[in-house]
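**Q** Listed below, chain by chain, are the residues.
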Amino acid sequence: MNDSTATDTLTPVLTANWGDDRAWTLAAYEQQGGYRALTKALDMAPEDIVEEVKASGLRGRGGAGFPTGMKWGFLPPLEEGKPNKPRYLVVNADESEPGTCKDIPLMMASPHTLVEGVIISSYAIRANTAFIYIRGEVLHVVRRVQRAVQEAYLAGHLGADIHGSGYDLDIVVHAGAGAYICGEETALLDSLEGRRGQPRLRPPFPAVAGLYASPTVINNVESIASVPSIVGNGADWFSSMGTEKSKGFGIFSLSGHVARPGQYEAPLGITLRQLIDLAGGIREGRELKFWTPGGSSTPLLTADHLDVPLDFEAVGGAGSMLGTRALQIFDDTTCVVRAVLRWTEFYKHESCGKCTPCREGTWWLAQTLARLEQGNGTEADLDLLLDQCDNILGRAFCALGDGATSPITSSIEYFKDEYVAHFQQGGCPFDPMASTLFQTAGATA
Amino acid sequence: MTQAPEKSQAKTPQRTDLVTLTIDGIEVSVPKGTLVIRAAEQVGVMIPRFCDHPLLDPVGACRQCLVEIPDAGNGRPMPKPQASCTITVADGMVVNTQATSPVARKAQEGIMEFLLINHPLDCPVCDKGGECPLQNQSMSNGTGESRFVEQKRVYPKPINISAQVLLDRERCVLCARCTRFSEQIAGDPFIELIERGALQQVGIYERQPFESYWSGNTIQICPVGALTSSMYRFRSRPFDLVSTPSVAEIDACGATIRVDHRRGKVMRRLAGEDPLVNEEWISDKDRFAFQYARQDDRLTRPLVRDEETGELRVASWPEAFAVAARGLQKAGKVGVLPGGRLPAEDAYAYAKFARAVLGTNDIDFRARPHSEEEEQFLASVVALTAPEAGGVSYTDLETARAVLLVGLEPEDEAGTIFLRLRKAHRKNGTPIWAIAPYTSRGLHKMGARLLPTAPGAEPAAIRAVADDGDIALDGGGVILVGERMATVPGALSAVAALARTTGARLAWVPRRAGDRGAVEVGALPNLLPGGRPVADPAARVDLAAAWGVDTLPDRPGRDAAGIVEALRDGKLRGVVVGGVDPADMPRPKRFRKALKKAEFVVSLEVRESEVTRLADVVLPVAPAVEKAGMFVNWEGRVRPFPKVLDKPESLPDLRALAGIAEEMGRPLGFRTTEQARAEMMQLGPWDGARPEPPTVAAAAGSAGTDELVLASWKQMIDDGRMQDGDLYYRATARPPVVLVNAAHLARLGVEEGALVSLNGPKGSVQLPVGVADLADGVVWAPASAPGASVRHLVGPAGSRVTVTSENFGGIS
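Taken in sequence, the protein lines are chains A and B.
Going by the working numbering, the first sequence opens with residue 1, and the numbers climb by one from there.
Going by the working numbering, the second sequence opens with residue 1, and the numbers climb by one from there.
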């Protein structure tokens with residue numbers, strides 16, 4: 001990151017300390033000002049923190065972009081003089097979307113940013129128990145967060161009477177069992193309760209009857225991790241960044257065919273062109289072919305969209321979704337049919353099975369695509385594929401089914417000729433070795 | 001005849017909270033909270049569905065019922081098709097179903113196509129073919145041809161969910177009806193969906209078999225042929241079956257059933273629909289226990305004992321009637337034991353036969369432990385109660401402020417009550433209290449709170465309820481007392497008093513289908529038909545006039561135990577026995593001896609039995625499936641049923657009794673069920689004074705503290721003869737155990753599951769030991785269970801017993 005003009009566009013807040021020595025320790029975190037926002041927050045009235053977060057314009061960083069402060073405001077008001085059900089904060093750290101890699105690096109590099117955010121947010125919504133539900137496969141992250149929570153307890157940031165404020169909070173770090181569906185908030189709650197992770201019927205919404213049928217707020221790691229900086233620096237500071245309706249900064253995760261893949265923290269509204277510059281450009285001698293703005297569930301975009309501002313509105317206007325800002329970059333060596341098949345196999349594997357269109361549809365899509373990828377198909381099969389997608393999109397119980405159709409419909413929209421080329425050649429016209437990023441000698445695709 | 005003077009308490013709540021919406025252009029008003037899928041039924045549109053079931057919580061899993069909602073009632077359209085089984089109506093809502101909306105139609109066709117891609121095309125051999133919601137709806141709402149040319153998902157098939165229920169995973173559409181039924185209705189969540197995606201499947205926890213008394217319902221509500229029963233699988237096609245609505249003859253609940261037969265043979269039984277009684281559910285006993293009627297030991301011809309050989313030989317009906325009449329006349333003093341399984345008309349025939357033909361009140365339907373206190377209780381508190389006369393009904397169980405169970409284990413002894421109480425607990429949070437020895441699985445599933453009571457201590461526990469502020473029993477409360485309480489002196493008196501003092505409503509719950517009807521028709525030593533007390537001269541005159549006889553016997557008769565004793569000591573010389581299994585009698589050995597001692601025994605039976613082997617005349621009578629009649633269930637609700645199988649040679653008990661009566665020169669006045677029923681209706685209920693409830697004192701407290709007392713009752717699936725013939729069904733019986741409390745287990749020094757010996761007055765049995773929240777000094781074991789009926793092997797409930805473990809520590 002030595003290009004000074006490009007790096008000026010970065011706004012390292014969450015990532016600011018990632019390069020520090022042993023940044024994940026409490027000492028390092030406090031060294032650079034950590035837990036001061038908590039002290040400030042505990043002097044505020046909880047409802048003032050909610051107002052501050054509302055005023056900041058922070059929108060959910062898990063993909064949907066729902067205003068975080070408004071979500072907190074959906075909790076039913078506490079009734080004076082009556083026994084109220086406990087309220088819970090649940091942090092969704094089940095990051096599993098193909099291409100998405102922001103929460104896991106954040107929890108690895110600076111788990112205390114999340115823990116501090118959890119404490120402030122729990123205080124704001126008057127929860128005395130918070131859960132961090134971490135994807136089960138990333139055991140190293142689970143351990144790191146567990147250690148951070150332990151350190152926070154030992155330092156008096158957690159437990160009873162935090163900082164002498166009279167406020168009590170316990171954090172439970174929970175490891176999932178490895179299911180993409182558990183990133184869906186109600187499936188996550190079922191999983192957290194010890195059941196099979198499958199999405200719940202709504203209403204009731206989690207704000208009314210979530211975890212253990214109690215009022216519950218579920219937020220993404222990055223959303224919660226952003227809260228200390230908002231409390232520390234003020235809502236105006238936060239909303240001075242970003243665009244009109246998409247305020248603040250976010251972590252953009254670039255992966256694939258760029259020179260320097262990684263996490264780039266920048267204001268919302270930055271363009272892919274700027275980000276690719278920051279990442280050192282596309283692979284030597286190659287050109288951008290297609291990319292996902294927010295993971296595989298968001299429709300593909302192409303080189304035509306390099307200057308689309310990466311905020312919720314503009315990406316939506318371009319026919320896709322900002323999602324988790326998981327920018328998967330594919331250059332012109334990549335067979336789009338093959339890439340889409342891989343994603344579709346993922347959705348088939350991860351469909352929870354609850355509803356028919358997603359369960360049966362992804363099973364069928366994967367088989368149809370596999371056949372087409374081998375060149376056994378006609379253009380009529382593309383109509384069939386699109387019709388299958390039409391019968392899944394908006395018919396499934398949750399968004400998993402919708403997401404499964406995104407790469408297919410968008411790839412046919414932009415690269416129909418490439419599908420047809422498979423049929424004409426009776427197979428894939430690309431050399432799969434050419435698109436690999438690892439040593440190709442002796443490797444098989 | 002249970003229709004007492006009309007005091008209708010029917011209270012249909014007036015629906016004022018109606019919501020008006022438009023479905024396919026038709027305006028309709030439905031109660032608030034109605035689901036769109038059901039509102040559409042009101043305008044005649046059947047939206048296809050699989051996971052939706054009116055008695056299960058909505059789940060929205062199959063997505064077959066998608067509709068378009070151009071206006072959600074707020075002027076805004078819903079952005080995508082909605083599952084009509086999960087959306088409730090709103091004022092001003094506009095719904096377009098497949099009938100008018102291309103979007104909805106395409107959505108439904110798409111879902112149907114998805115459902116079929118992995119569904120095997122084995123309809124021609126599938127049990128469900130012909131009555132299959134998937135088959136039917138793919139015809140009505142699917143596209144003609146599939147575009148799927150790839151590999152279907154295949155599984156080995158079938159796999160056992162239980163001995164009874166088989167699963168074809170390939171056919172399953174994963175609607176979760178079976179798993180939701182098990183969890184929500186039965187409370188036996190032993191089947192669950194496992195795995196994910198297209199490999200999701202119904203599974204069992206391998207260490208806990210799907211042992212549910214309600215498992216058959218999952219087969220019936222399966223919208224495809226995924227769940228089948230071992231006994232019925234591949235036996236017939238639905239379109240070859242003749243269906244008859246009927247009533248289960250297997251317990252006193254009066255569940256409505258559907259009996260399907262083909263070529264004179266019942267092939268299966270299904271739950272019927274009756275919202276007032278069993279809703280849409282029946283127990284496995286109701287469903288599967290019907291093979292008894294066609295076992296090899298079925299009697300087909302009358303038998304008389306040959307004077308020369310002393311053996312039973314086949315006789316004609318006229319000869320059998322004549323021999324029976326002659327023998328009874330010669331015996332002179334004759335008792336009558338009709339048993340508790342008869343339809344009311346047949347029981348009435350016994351009651352009339354005893355009084356008007358034999359001239360005696362020595363009649364008792366109770367082929368089980370009983371007492372004089374119970375007789376008084378039945379005459380004063382139970383007879384003539386009915387829902388339409390203000391008696392406790394199933395609906396009342398749901399709306400009651402509190403329910404108190406006394407000596408009644410509904411899941412074992414009255415399954416339909418169990419389901420209704422569980423529903424009350426689940427939907428309304430109805431507090432349920434139980435005077436019982438421990439929190440059984442059934443009590444646990446209905447959230448019942450235990451009032452721990454040792455056998456024999458019930459009267460004190462009942463009295464204590466009156467002052468219990470937590471239970472706060474009042475006029476909104478309901479007390480259900482089981483027939484077992486007849487064996488505890490003072491218990492029924494205390495229950496009657498509790499109802500009187502608290503204002504709570506009281507109902508008596510017997511076990512057998514004919515018990516309650518037998519009370520109404522006077523098959524008791526102290527009660528004449530229609531609740532007329534024997535002791536009341538006015539009642540006797542009233543009945544004598546109706547029957548056209550000069551007098552009726554005025555002395556209260558002997559009860560069943562008294563009849564047995566009188567036969568043994570010669571005071572009675574003959575006996576007419578209906579469907580009575582000696583094993584059920586209070587003292588089986590004495591009964592067998594009495595039968596041997598009796599000069600003349602007439603047996604009316606369906607199958608060869610211990611009684612028929614000792615009888616002088618055996619008259620083969622029809623099982624319930626081969627005759628019409630009516631049962632009166634525990635509520636007092638009349639449950640008429642038609643004849644399912646028309647077998648001219650198969651006669652009801654009342655026809656056989658009429659034949660004997662005519663030979664004796666005192667005709668009963670009817671020969672058919674219809675005639676008997678007409679006479680009963682004409683007779684009507686007694687409107688005179690009712691006897692006083694019993695006031696029997698409780699027995700003095702037990703002495704020895706070292707002794708254990710046995711708590712026990714019959715399990716639903718046991719060794720009863722009416723459950724013979726379906727081994728798969730019987731294999732789902734709960735394995736017998738001896739239950740002790742944790743401290744007792746520690747004293748025994750064994751682990752749970754170890755074999756212990758339960759020793760009582762009749763002997764010993766070795767059973768695995770389990771732990772329950774029993775009071776100190778109480779152990780529980782099943783009175784009846786396949787192969788381990790503790791009531792015969794050890795002793796009846798209330799016996800003093802010991803539990804020993806010494807000799808069974810090793811391999812046994």
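FYI, nobody ran anything at the bench for these hints, they're computed from the structure.
We treat Cβ as the ideally placed atom computed from N, Cα and C, and that holds for glycine.
Honestly, I wouldn't trust all of these hints.
If you want the footprint, here are the derived chain A segments under chain B, 3+ residues with CB under 8 Å [unchecked claim]:
{"id": "1", "region": "168-176"}
{"id": "2", "region": "330-343"}
Simulated restraints, written as ranges between beta carbons of each label pair [stated by the list, open to error]:
{"id": "3", "chain 1": "A", "residue 1": "437", "chain 2": "B", "residue 2": "25", "range": "56 to 66 Å"}
{"id": "4", "chain 1": "A", "residue 1": "376", "chain 2": "B", "residue 2": "20", "range": "52 to 62 Å"}
{"id": "5", "chain 1": "A", "residue 1": "160", "chain 2": "B", "residue 2": "444", "range": "34 to 44 Å"}
**Q** Take the hints in turn and mark each one as holding or not.
**A** How the hints compare with the structure:
no. : hint                      : verdict
1   : 168-176                   : violated (count 0)
2   : 330-343                   : violated (count 0)
3   : A/437 / B/25: 56 to 66 Å  : 59 Å, holds
4   : A/376 / B/20: 52 to 62 Å  : 55 Å, holds
5   : A/160 / B/444: 34 to 44 Å : 36 Å, holds
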